[in-house]
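All chains, please: the whole structure from these sequences, using the hints.
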Amino acid sequence: PCPRQVRSYYVDWRMLRDVKRRKLAYEYADERLRINAIRKNTILPKELQEVADKEIADLPRDSCPVRIRNRCVLTSRPRGVKRRWRLSRIVFRHFADHAQMSGIQRAMW
Amino acid sequence: EKDESTASKDSATEVASKSREGTAETPKQKLLDLIGNMKVEVSYRNKLQQLKTREIKKQATNKLEGPDSEGSMLQKTTEDTQRGKPLNPELVKAASAVASSLPLNKKQTESELLAQLRRHEETTDKQKKGGTINIRNVISEMAVKRQSPAQGGLRISRRISLELDEDGHRIKSERLSPQSSDSRRSLKVGRRLNIFTKASKETENALKTVSSPTIWDLEFAKEIGAITAQPPRNGFEEMIQWTKEGILWEFPIDNEAGMEDDAEFHEHIFLEKHLEDFPKQGPIRHFMELVICGLSKNPYLSVKQKIEHIEWFQKYFEEKKELLQEI
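From first to last, the protein sequence lines stand for chains A and B. Residues are numbered in this note's numbering as their position in the first sequence, beginning at 1, plus a constant of 13. Residues are numbered in this note's numbering as their position in the second sequence, beginning at 1, plus a constant of 6.
These are calculated hints, taken from the structure and not from any lab test. There could be a bad hint or two in this list.
[As the list claims (entries may be wrong)] Listed below are the simulated PhoX-like cross-link pairs for lysine-lysine, each with C-alpha atoms no more than 25 Å apart in a straight line:
#	chain 1	residue 1	chain 2	residue 2
1	A	K36	B	K327
2	B	K326	A	K59
3	B	K321	B	K286
4	B	K194	B	K228
5	A	K67	A	K53
6	A	K67	B	K327
7	A	K59	B	K286
8	B	K286	B	K303
[As the list claims (entries may be wrong)] Computed Cβ-Cβ distance ranges for the label pairs, DEER-style:
#	chain 1	residue 1	chain 2	residue 2	range
9	B	Q311	A	D66	34 to 44 Å
10	A	A42	B	K326	30 to 40 Å
11	B	D267	A	H111	39 to 49 Å
12	A	G93	B	W255	30 to 40 Å
13	A	K53	B	L307	17 to 27 Å
14	B	Q236	A	K33	41 to 51 Å
15	B	E332	A	D71	54 to 64 Å
16	B	P219	A	K53	52 to 62 Å
[Claimed, not checked] Computed far set for chain A versus chain B, every beta-carbon distance over 12 Å:
#	residue
17	P16
18	R20
19	M28
20	R35
21	R47
22	I56
23	L61
Ideal placement from N, C-alpha and C gives every residue a C-beta, glycine not left out.
As structure tokens, then:
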């Protein structure tokens, strides 16, 4: 009865892993921020900063935000993804040509 | 049981009439024996107890009103005699038999049953004579209104007079009292019709006592809501539904929707009071002051989050105290 495709699973495992990384990064965001504030300091003693370095390395690897990759939401394509629509260029073109993207028009000048 | 007793009384009267014709008394006696042998269930006790208490209260009030017990008894007897026809002796016998069958006070139940019988007879007499509600009395007061066109014109002109005095005020015709103007006759004239009875106050009190809504009530309410919620007929109704659900924002947009920051500005900016536990001199203090400076400029965090931030640092530095003391 639904006019659109019904997707109940993630597109592939890579997308799933990306989702896990995003969740962990959200949970550890505050701690990472604070420990980094101690590390990137000129006032505090260096020993403290070294200890902080070790602590941040002990955190789970997937909790760092650098590991997140902005994949396409529909096809899980890692490259050619426009941030505003979270879609890969191919999907974007497909929808825009079928007039399913609001406010998007073919450029002509 | 009351229906049974009345049915038995009716049957007893029928049997009594038959016996008057000349047949033997055995069937009636048999009936009476049956009634005497009937054993009432225990559940009837509560009803009887209630009846008893009511009767006791009535008697108590009667006694209080009357000067002496004898005087009240005399009043009662006069009331009894005033009630017109004496009861059928057959009915009295039947009542006594029923009373004997019931487990509680014989005499009391007998008197109650006899009182009930008297009431029945009264109502039957009234209905025979002609009834309490006479329709003639009701219609006699009503009269058909006839409006002649000339009078209609007069009335319209009487309503608003646009004439003006010398000063400029409107000339108002004398206001008739609202009662007499509405009807030719006044409202308080006429015989009492006794159609309506005063509403009892018990129902009001019963309505006020409401228990907390049970799960079934909530389910019922949900069901009703689901049934009455029709699909939206147009785009506006769709937007209304979305706004209720929370999908659509409320316009004009207020930037603080959902944000309930009750804290004043000074709680955001002057965060030094949270720094009491820290040492007053040294690099840590310097560091924390920088942290506080940064937090005070942060509009995105709530006061609670800022306090948590500072407390985390506190904990962290306390754990590292030994390390720091080595340095």
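Minimum C-beta separation from L61 of chain A to chain B exceeding 12 Å: can you confirm that?
Answer for L61 of chain A: violated, closest chain B Cβ roughly 7 Å.
Check the following: the C-beta atoms of P219 of chain B and K53 of chain A are separated by a distance inside 52 to 62 Å.
57 Å, holds
Hint says 39 to 49 Å; check whether the CB-CB distance for D267 of chain B and H111 of chain A agrees.
44 Å, holds
Does the claim that R47 of chain A lies outside the interface with chain B hold up, using a Cβ gap greater than 12 Å?
Nearest chain B Cβ is 6 Å from R47 of chain A, so the label is violated.
Quickly compare the C-alpha distance for K67 of chain A and K53 of chain A to 25 Å and report which way the hint goes.
14 Å, holds
Compare the distance between the alpha carbons of K67 of chain A and K327 of chain B with 25 Å, and conclude whether the hinted pair is satisfied.
17 Å, holds
Checking the smallest CB distance to chain B, is M28 of chain A really beyond 12 Å?
26 Å, holds
12 Å cut-off, C-beta based - I56 of chain A kept clear of every residue in chain B
Non-interface label on I56 of chain A violated, nearest chain B Cβ at 5 Å vs cutoff 12 Å.
Regarding the assertion that P16 of chain A does not contact chain B, is the least Cβ-Cβ distance greater than 12 Å?
About 16 Å separates P16 of chain A from the closest Cβ of chain B, which puts it past 12 Å; holds.
Taken at face value, is the distance from the CA of K286 of chain B to the CA of K59 of chain A at most 25 Å?
20 Å, holds
Given the hint of 30 to 40 Å, is the C-beta distance from G93 of chain A to W255 of chain B inside that range or not?
Once the Cβ atoms are compared, 32 Å apart, the range 30 to 40 Å for W255 of chain B and G93 of chain A holds.
Should the hint that K53 of chain A and L307 of chain B are 17 to 27 Å apart at their CB atoms be regarded as holding?
Since the Cβ atoms of K53 of chain A and L307 of chain B sit about 20 Å apart, the hinted range of 17 to 27 Å holds.
Violation of the numbered hints given earlier is confined to hints 1, 4, 9, 10, 15, 21, 22, 23; the remaining hints are satisfied by the structure.
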